[in-house]
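A.B. asks: In case you want the letters, here they are:
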Amino acid sequence: MNARIRSRLTPYLFLAPALIFMSVFTLYPLLAVGYYSFTEYDILRPPAPVGLANYQRLLNDGVFWLSLRNSFVYLIVTPVIIALAIGLAIALNRTLPGISVFRALYYIPVITGSVAIGIAWQFLFNGSGGPINGLLLWLGVIDKPIVFLTEPSYILPIAMLMTIWMGVGYYMVVFLAALQNIPEDLYDAARIDGCNHWQKHWHVSIPGIRPAIVFVAVISSLSALKVFDEIYVLTNATGGVLNSGSTMVFYLWKQAFRLQNVGYASAIAMVLLVITLSFSILNVRLLERRED
Amino acid sequence: MRRAFALPLAIITLLSLILSACGSSTANQPAQPQVVTQIVRETQIVQVEKTVEVVVTPTPGPNPEAVISDVEAGAEITFWTFYLSPTFDKYIQDTIARFNEAYPGVKVKWEDRQATLQEEYRNSLAAGNAPDVVNIPTDWVLEFAQKDQLLNMSQALPPAVQAQYFEGLFNQVNVGGASYQVPWYQAVDGYLVNKQILEQAGLTMDDLPKTFDEQKEFCAKVKAATGIPCGLRLNTGNLLQSMAYEGNVTIMDANGRFVFDSPEAVSWLQYYVDMIKDGTTARDILLLNSSDDRIGLERFTSGQMPFYVTGPQLIRLVRESNPGLYGYLAMVPRAVGRSGKLPPVSMSIVVSKNTKYPRAAAALAAFMTNPRSMLEFSKLVQIFPSTPASYDDPFFTQPPVAIEDQVRPIARDIISRQSNILPEIPRLNEVNEIVRQAIEAAVFGGVPAEQALKDAVAQANALIGK
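Respectively, the protein sequence lines represent chains A and B. Just so we're aligned: the first sequence equals residues 1 to 292 in the UniProt record's numbering. Just so we're aligned: the second sequence equals residues 1 to 466 in the UniProt record's numbering.
Read the hints as simulated data drawn from the structure, not as lab findings. What you are looking at is a predicted structure, and each value in this text was computed from that prediction instead of being measured. The C-beta atom is built at its ideal place from N, Cα and C for all residues, glycine as well. Don't take every hint at face value.
[Said to hold, decoys possible] Covered by chain B, per the in silico footprint, the following chain A stretches (three or more residues, Cβ under 8 Å):
{"no.": "1", "segment": "15-28"}
{"no.": "2", "segment": "87-95"}
{"no.": "3", "segment": "188-199"}
{"no.": "4", "segment": "215-223"}
[What the hints assert, rightly or not] Selected chain B positions facing chain A (Cβ under 7 Å, derived; list incomplete):
{"no.": "5", "residue": "D293"}
{"no.": "6", "residue": "Q304"}
{"no.": "7", "residue": "D413"}
{"no.": "8", "residue": "F444"}
[Said to hold, decoys possible] Dumping the calculated PhoX-like pairs for lysine-lysine here, alpha-carbon to alpha-carbon at most 20 Å:
{"no.": "9", "chain 1": "A", "residue 1": "K144", "chain 2": "B", "residue 2": "K109"}
{"no.": "10", "chain 1": "B", "residue 1": "K90", "chain 2": "B", "residue 2": "K109"}
{"no.": "11", "chain 1": "B", "residue 1": "K277", "chain 2": "B", "residue 2": "K109"}
{"no.": "12", "chain 1": "B", "residue 1": "K277", "chain 2": "B", "residue 2": "K221"}
{"no.": "13", "chain 1": "B", "residue 1": "K277", "chain 2": "A", "residue 2": "K144"}
{"no.": "14", "chain 1": "B", "residue 1": "K90", "chain 2": "B", "residue 2": "K379"}
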């Protein structure tokens, strides 16, 4: 082998492990799901081609549209979580005794298992003896307990609250790191220019952490579109009364693993892929343009 | 010196001889071939009495538990159980050891699976490396049988072995006229009663409902007197089963079309619509998944239900969580539905169709469920055999001492009456989801019961192309 060929091959050889790994665990599953979406497949029997039937079925499936709508409603989580995480990061970005304890406390939900959190939240919102009902009864807001998790209108908001509570600590750390990279001179200059506390953050901190905001916006909105754990745990894997808590990924899971409609679930997965891909591109473009 | 020892030694030897002559000749000795002495009187002309000694040595017979012939030599089979380890490790290992005595040469590799069993078994079937023998809840059998993944047990087991089970249990999952499972241990669901709440409501054990319709009245009385609702639950794994047994609803007609929108079906659904509306049963318990049984049990354990429909095997959990309540518990038969029939509540053992060793696998399935294995298992935990012969043991006729044992004397009668009255339902999981949506729409969504069921029947028939 001459030196020229060797030098051309060398980068590919270095890339080979990663390429093989990605081919096996990303590319192949993606192609397989694409193929299954055009078949009727129940795992136990070989897939049978059905053309576009699964995609046609999607058009007339009310639960799919409800799940799609719920997934988009779930995006409300993104601005809320960003605002809360920035607020917390600013509050904790100071050198006070014991501040690291507070930072760690906010991070605990991030490292706690979602099933454990789900069980705790089920208890919180329990219809008979749950603390939330207890508090509302004590305050006189309600006169009899509400069985929150069987009320269609409550399931999605409770799941969203849980997502915010679980995720805010992680995003806070991202913003905290970004805040600590802002030069102190800029704050001094703002102070000299007469900025009060709020103006200082509005004119210095927020522009200074904009790349982090773009990152968090993309990551958290994609997570919101793909939410599953919260719905699974809070609704005991049912999707809630009348599918009121069903989201795209939950519905996909239910079709694939509860009802064994793997072909149909693959079609849902392909639609979800197109949506998340488009959404990510749009998200990045919009935020980049604003930054320019 | 030698003489000094000689006398005591002689005395000891003499005493030993006398003592050994007095004692039993077989005591503390390993079993010997039986020696039978027969005295035969022969009448002869000379009138001489003659004694003839006949020595009979029994030859080893076939092991009575080896009921399957021509088991593959050198077979190695994998056996999966469901939630039995570590509590029952010894029982399973001992039973497998007995199996090895009955079928020498067959190796059994036992593994216990828990929450992910269904997915794991499904995936292993798809991957072509399924275990040979698997313990699954009976509700799951239909799916695998309909998809041609299980061995036909009506063919694999000789008629005499099939006859060792209660007929209603062996045939409880019937696909194309054949059984694809053998029934393992059974539960007897009854009312686990909180007598404290009954007292508060001014009721006694005699007031407990005996029928489905009495149950509604009973819950209304308890709610009115104590403010505590009942915690009724539907079988969410197969809602059509609840409909058929409780409401005496015909599920399919002779042409294989779904017809569960009849007046009987509407009446059954309206029963629950009314109870949820009146608050006489808890709305968050009604449609709990079978895997969330403990959520309902915890509610009962915390003293918030007059009774809970469960098996005696779960009483120990109540005792562990709330020992103070244990003394106020009672276990009685549950109300019988309008069909007058009781649904089986059971675990099955199935054999994967593609096993390399069908005879050895069928032998293990039959062995784990034979009367002796079932009896021994019943003595360890409050489960009940699927084999009538097991109940001949005095264990089942002893008067109950603990609350957990109260069902034992009547278990045989209850289990012998359990049978499947449902037809073979195609695409059960999807039809069940349609029925669930209909029930939710009526109970929680305000849709009239009649309309909800009519829509569900139309959807279910469209699904199966009828």
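A.B. asks: All the hints need checking, so say for each whether the structure fits it.
C.D. replies: Outcome of the hint check:
no.	hint	verdict
1	15-28	violated (count 0)
2	87-95	violated (count 0)
3	188-199	violated (count 0)
4	215-223	violated (count 0)
5	D293	violated (11 Å)
6	Q304	holds (6 Å)
7	D413	violated (35 Å)
8	F444	holds (5 Å)
9	K144(A) to K109(B)	violated (55 Å)
10	K90(B) to K109(B)	holds (14 Å)
11	K277(B) to K109(B)	violated (52 Å)
12	K277(B) to K221(B)	holds (15 Å)
13	K277(B) to K144(A)	holds (14 Å)
14	K90(B) to K379(B)	holds (13 Å)
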